[in-house]
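*Asks:* Sequence:
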Amino acid sequence: MKVTLRDYQEQCVEQIRDAYRRGHKSVLLALPTGGGKTICFSFVVENAVAKGRRVAILVHRQELVDQTGDNLERLGVEFGVIAPGQPEDPHLPVQVCSVQSLVRRLDRWQDAFDLIVIDEAHHCVAGSWRKVLDAYPKAHRLGVTATPERLDGKGLADHFEHMVTGPGTWDLMQLGHLSEAKIFCPPTG
Numbered sequence: 000m001k002v003t004l005r006d007y008q009e010q011c012v013e014q015i016r017d018a019y020r021r022g023h024k025s026v027l028l029a030l031p032t033g034g035g036k037t038i039c040f041s042f043v044v045e046n047a048v049a050k051g052r053r054v055a056i057l058v059h060r061q062e063l064v065d066q067t068g069d070n071l072e073r074l075g076v077e078f079g080v081i082a083p084g085q086p087e088d089p090h091l092p093v094q095v096c097s098v099q100s101l102v103r104r105l106d107r108w109q110d111a112f113d114l115i116v117i118d119e120a121h122h123c124v125a126g127s128w129r130k131v132l133d134a135y136p137k138a139h140r141l142g143v144t145a146t147p148e149r150l151d152g153k154g155l156a157d158h159f160e161h162m163v164t165g166p167g168t169w170d171l172m173q174l175g176h177l178s179e180a181k182i183f184c185p186p187t188g
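Quick note: the sequence shown uses numbering that gives the first Met the number 0, first residue 0, plus one each step.
Just so you know, the hints here were simulated from the structure itself, not pulled from any lab data.
Note that the structure is a prediction, hence the values are computed from the model and not measured.
Treat each hint with caution, since some may be false.
[As the list claims (entries may be wrong)] List time: in silico DSBU-like cross-link candidates among lysine-lysine, alpha-carbon distance up to 30 Å:
| no. | residue 1 | residue 2 |
| --- | --- | --- |
| 1 | K24 | K50 |
| 2 | K153 | K1 |
| 3 | K50 | K130 |
| 4 | K153 | K24 |
| 5 | K24 | K130 |
| 6 | K153 | K130 |
| 7 | K137 | K153 |
| 8 | K24 | K137 |
| 9 | K153 | K181 |
[Claimed, not checked] What follows is a set of in silico ranges between Cβ atoms, one per label pair, in the way DEER data are often shown:
| no. | residue 1 | residue 2 | range |
| --- | --- | --- | --- |
| 10 | G175 | D110 | 19 to 29 Å |
| 11 | A125 | A180 | 26 to 36 Å |
| 12 | E160 | N46 | 15 to 25 Å |
| 13 | R107 | I182 | 40 to 50 Å |
| 14 | E160 | Q10 | 13 to 23 Å |
| 15 | D151 | E72 | 35 to 45 Å |
| 16 | F183 | P89 | 48 to 58 Å |
| 17 | P83 | D6 | 22 to 32 Å |
| 18 | G126 | R5 | 34 to 44 Å |
| 19 | T32 | P89 | 30 to 40 Å |
In this text, a Cβ means the ideal position worked out from N, Cα and C, and glycines have one as well.
The task is simple: from the sequences and hints, build the whole structure.
*Replies:* Pasting the structure below:
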């Protein structure tokens, strides 16, 4: 039987859950663009909410707020949004947060979250991201990124205890979920 993208995503979600069961507090999911990072973390969030946990999902662009909200709606997960121009509802179990907004509202959201999901986790070392993460030292963390290496060449091992890797770009091309790349470059010696 052929492995599907959904099979890979389910394997990633199960590996994340297993890492938490084994006592890891911070897990990083490395999955290429098009691999379904938002889908994977949405399933983890759905499971956390079913266990009575409160979740913050940190994003840095409005498009990611919308994309995350669309995925949560498909799963039937109720959520609020912490972003400019959005009314806050602190009673909802999940908050999709613009990191720039949450960092300015930390006083209103003290001890509010049991799980912090960090979309584009390679940003977690930056000032605002770090300040938000430092505000929730007891919360479990799930970082997701296509690039588990920072621009300075350093990895994220100082910030995450365990890494789950999904299918690679080649695997996704073979499944037909990504177009095959054609690479052009000048001849080398």
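*Asks:* Each hint needs a verdict: does it hold in this structure or not?
*Replies:* We went through each hint and held it up to the structure:
1. K24 / K50: It holds: about 16 Å lies between the C-alpha atoms, which stays within 30 Å.
2. K153 / K1: Roughly 36 Å between the alpha carbons, so the hint for K153 and K1 is violated.
3. K50 / K130: holds, 27 Å
4. K153 / K24: Roughly 21 Å separates the two Cα atoms, so the pair holds.
5. K24 / K130: Answer holds: K24 to K130 is near 18 Å, not above 30 Å.
6. K153 / K130: Roughly 20 Å between the alpha carbons, so the hint for K153 and K130 holds.
7. K137 / K153: holds, 25 Å
8. K24 / K137: holds, 9 Å
9. K153 / K181: holds, 28 Å
10. G175 / D110: 19 to 29 Å: violated, 45 Å
11. A125 / A180: 26 to 36 Å: Once the Cβ atoms are compared, 29 Å apart, the range 26 to 36 Å for A180 and A125 holds.
12. E160 / N46: 15 to 25 Å: Taking Cβ atoms as reference, E160 and N46 lie about 19 Å apart, which means the hint holds.
13. R107 / I182: 40 to 50 Å: Cβ of R107 to Cβ of I182: about 49 Å, so the range 40 to 50 Å holds.
14. E160 / Q10: 13 to 23 Å: At 20 Å between Cβs, range holds.
15. D151 / E72: 35 to 45 Å: Because 37 Å falls inside the window, the suggested range holds.
16. F183 / P89: 48 to 58 Å: This hint holds: roughly 52 Å between Cβ atoms.
17. P83 / D6: 22 to 32 Å: With a Cβ separation near 39 Å, P83 and D6 fall outside 22 to 32 Å, so the hint is violated.
18. G126 / R5: 34 to 44 Å: With Cβ atoms ~37 Å apart, the hint holds.
19. T32 / P89: 30 to 40 Å: holds, 33 Å
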